[in-house]
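Assemble the complex: chain A is given as a structure, and chain B must be docked to it using the hints.
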Amino acid sequence: MPIMKRKQKVSDEIPTASLADIAFLLLIFFLTTTVFNEEKGLPIVLPEQSEEQDVSPKNLIFFIVQSDGRVIVRRGESEQEQTVSYNQVEGILRAELAQNPNLIAAIQTDPRAAYRHMVNVLDEVKLAGAERISLQELEN
Amino acid sequence: MAIKSGGFRRKSGAESEIPTASLADIAFLLLIFFMVTTVFRKEKKRTIEWVEANATEKIDEKRKNILHIWIERDGAVYINDVLTPFDQISEVVRPIYADNRELVVAVRGDRDVPYAQINTITEELQEAGAVRVTFATRLEQRAMRARR
Numbered sequence: 001m002p003i004m005k006r007k008q009k010v011s012d013e014i015p016t017a018s019l020a021d022i023a024f025l026l027l028i029f030f031l032t033t034t035v036f037n038e039e040k041g042l043p044i045v046l047p048e049q050s051e052e053q054d055v056s057p058k059n060l061i062f063f064i065v066q067s068d069g070r071v072i073v074r075r076g077e078s079e080q081e082q083t084v085s086y087n088q089v090e091g092i093l094r095a096e097l098a099q100n101p102n103l104i105a106a107i108q109t110d111p112r113a114a115y116r117h118m119v120n121v122l123d124e125v126k127l128a129g130a131e132r133i134s135l136q137e138l139e140n
Numbered sequence: 001m002a003i004k005s006g007g008f009r010r011k012s013g014a015e016s017e018i019p020t021a022s023l024a025d026i027a028f029l030l031l032i033f034f035m036v037t038t039v040f041r042k043e044k045k046r047t048i049e050w051v052e053a054n055a056t057e058k059i060d061e062k063r064k065n066i067l068h069i070w071i072e073r074d075g076a077v078y079i080n081d082v083l084t085p086f087d088q089i090s091e092v093v094r095p096i097y098a099d100n101r102e103l104v105v106a107v108r109g110d111r112d113v114p115y116a117q118i119n120t121i122t123e124e125l126q127e128a129g130a131v132r133v134t135f136a137t138r139l140e141q142r143a144m145r146a147r148r
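Chains as they are written, first to last, in the working numbering: chain A, 1 to 140; chain B, 1 to 148.
Isolated chain B (complex conformation):
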């Protein structure tokens, strides 16, 4: 027999280890990428008590296309952190809508706000031409009522 020592013991020239030296670079690159691309909304959170609804849907719209209108319990309206009187809402919204025709206005009203104020807001929005509106709600927490 020509081969005495057997093929198994022959030392392979190929490296059997995975090169891990660049792994750290890859991971940091990913980390930095996500840090740089994350955009934080600057708007301050208002304290409102959310309304709840079973039919709550996810609004599939880019964040930049959504304008929040906050109505606090005392009737104070905030748009982009600015306290806005009711009769000036359309003037504030109109230029925003003119810049972005895809605009969706999310009305975030406190649950105890009288409807008259919500109605004023929808009328002002109609005047500004921003007709795509969502009433921001939370999914109802208590157990869904038995259907049928």
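Next comes chain A alone, as it looks inside the complex:
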């Protein structure tokens, strides 16, 4: 019977040559579309609860953040006050730190002031390179 002996021309194998391409394509697709949400921010270490230090007033500089975002600068010893906008804080603090590297930047914020005003000042203080920062709520 000639029909039975006829050789089949269609390949009975699944073509696997492009499988690697498909797999790598998927791999690269997922690698490039994955977004890692990085943690970013301004780090600060709060003092322990019981920890209270006595600081000599000459090592202090106060940045008092008003509810409208203006900043009052007061050097620890003197009663002299100076009202500035927040973007001047960096320059002021940098000059003070050059004279006294032990200076503590105390940020006192009005409780009604928006969070962003306090962060603006903290940002400036960080940019000035201050290592010793204190965060307080303005009393009265």
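Calculated from the structure, these hints are not laboratory results. Just so you know, these numbers come straight off a predicted model, no measurement behind them. Note that the Cβ used here is the ideal one computed from N, Cα and C, for glycine as well. It is possible that part of the hints are untrue.
Simulated DEER-style distance windows between Cβ atoms [stated by the list, open to error]: (1) A:Ser134 with B:Asp87: 19 to 25 Å; (2) A:Val10 with B:Glu43: 52 to 58 Å; (3) B:Ile32 with A:Ala95: 57 to 63 Å; (4) B:Arg46 with A:Val10: 55 to 61 Å; (5) A:Pro111 with B:Ile32: 51 to 57 Å; (6) A:Ser134 with B:Arg46: 26 to 32 Å; (7) A:Arg70 with B:Ile32: 57 to 63 Å; (8) A:Ile28 with B:Val82: 36 to 42 Å; (9) B:Glu43 with A:Ser78: 44 to 50 Å; (10) B:Arg73 with A:Gln88: 26 to 32 Å; (11) B:Arg73 with A:Asn102: 35 to 41 Å; (12) B:Lys64 with A:Val10: 54 to 60 Å; (13) B:Lys62 with A:Glu77: 40 to 46 Å.
DSSO-like cross-link-like pairs, simulated, lysine-lysine; straight-line CA separation at most 30 Å [unchecked claim]: (14) B:Lys44 with B:Lys64; (15) B:Lys58 with B:Lys45; (16) B:Lys44 with B:Lys58; (17) B:Lys42 with B:Lys64; (18) B:Lys45 with A:Lys40; (19) B:Lys58 with A:Lys40; (20) A:Lys40 with B:Lys64; (21) B:Lys42 with B:Lys58; (22) B:Lys62 with B:Lys42; (23) B:Lys44 with B:Lys62; (24) B:Lys44 with A:Lys40; (25) A:Lys40 with B:Lys62; (26) B:Lys45 with B:Lys64; (27) B:Lys62 with B:Lys45; (28) B:Lys42 with A:Lys40.
Quick look at chain B alone, frame taken from chain A:
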């Protein structure tokens, strides 16, 4: 001359093709490996307006060591998707901190939240003993001011 036909025409017995049959297996293995090892954070995103800062740093800490505290504009505080009253923050944070001493608390506050609320949170965190805090910020978008 002994060699007439020349060495160039001699058929080499070695296979000159790179075997690609197992390439698909390797690629799928990699794919499955990355799929299995990827961990997704379950926490829901809150809608807040971020504060911006030029001094924004990348926090080099493992994800499992970071606890987010969200403060929405209306003053609602969320920790791990749970609405938490202000006076209970320390009670919520204390056991988390006890489990993981490396804990860093990322305060994600809306830019218009009054500072009094942020201050309450830092006080509560001090009470819980979690003193490593970051104020989560975005890098300031507008052009950096000229320095000096």
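Against the structure, the hints:
no. : hint                              : result
1   : A:Ser134 with B:Asp87: 19 to 25 Å : holds (24 Å)
2   : A:Val10 with B:Glu43: 52 to 58 Å  : holds (55 Å)
3   : B:Ile32 with A:Ala95: 57 to 63 Å  : holds (59 Å)
4   : B:Arg46 with A:Val10: 55 to 61 Å  : holds (59 Å)
5   : A:Pro111 with B:Ile32: 51 to 57 Å : holds (54 Å)
6   : A:Ser134 with B:Arg46: 26 to 32 Å : holds (29 Å)
7   : A:Arg70 with B:Ile32: 57 to 63 Å  : holds (58 Å)
8   : A:Ile28 with B:Val82: 36 to 42 Å  : holds (39 Å)
9   : B:Glu43 with A:Ser78: 44 to 50 Å  : holds (48 Å)
10  : B:Arg73 with A:Gln88: 26 to 32 Å  : holds (28 Å)
11  : B:Arg73 with A:Asn102: 35 to 41 Å : holds (39 Å)
12  : B:Lys64 with A:Val10: 54 to 60 Å  : holds (55 Å)
13  : B:Lys62 with A:Glu77: 40 to 46 Å  : holds (44 Å)
14  : B:Lys44 with B:Lys64              : holds (16 Å)
15  : B:Lys58 with B:Lys45              : holds (20 Å)
16  : B:Lys44 with B:Lys58              : holds (22 Å)
17  : B:Lys42 with B:Lys64              : holds (12 Å)
18  : B:Lys45 with A:Lys40              : holds (16 Å)
19  : B:Lys58 with A:Lys40              : holds (5 Å)
20  : A:Lys40 with B:Lys64              : holds (15 Å)
21  : B:Lys42 with B:Lys58              : holds (22 Å)
22  : B:Lys62 with B:Lys42              : holds (16 Å)
23  : B:Lys44 with B:Lys62              : holds (19 Å)
24  : B:Lys44 with A:Lys40              : holds (18 Å)
25  : A:Lys40 with B:Lys62              : holds (13 Å)
26  : B:Lys45 with B:Lys64              : holds (17 Å)
27  : B:Lys62 with B:Lys45              : holds (19 Å)
28  : B:Lys42 with A:Lys40              : holds (19 Å)
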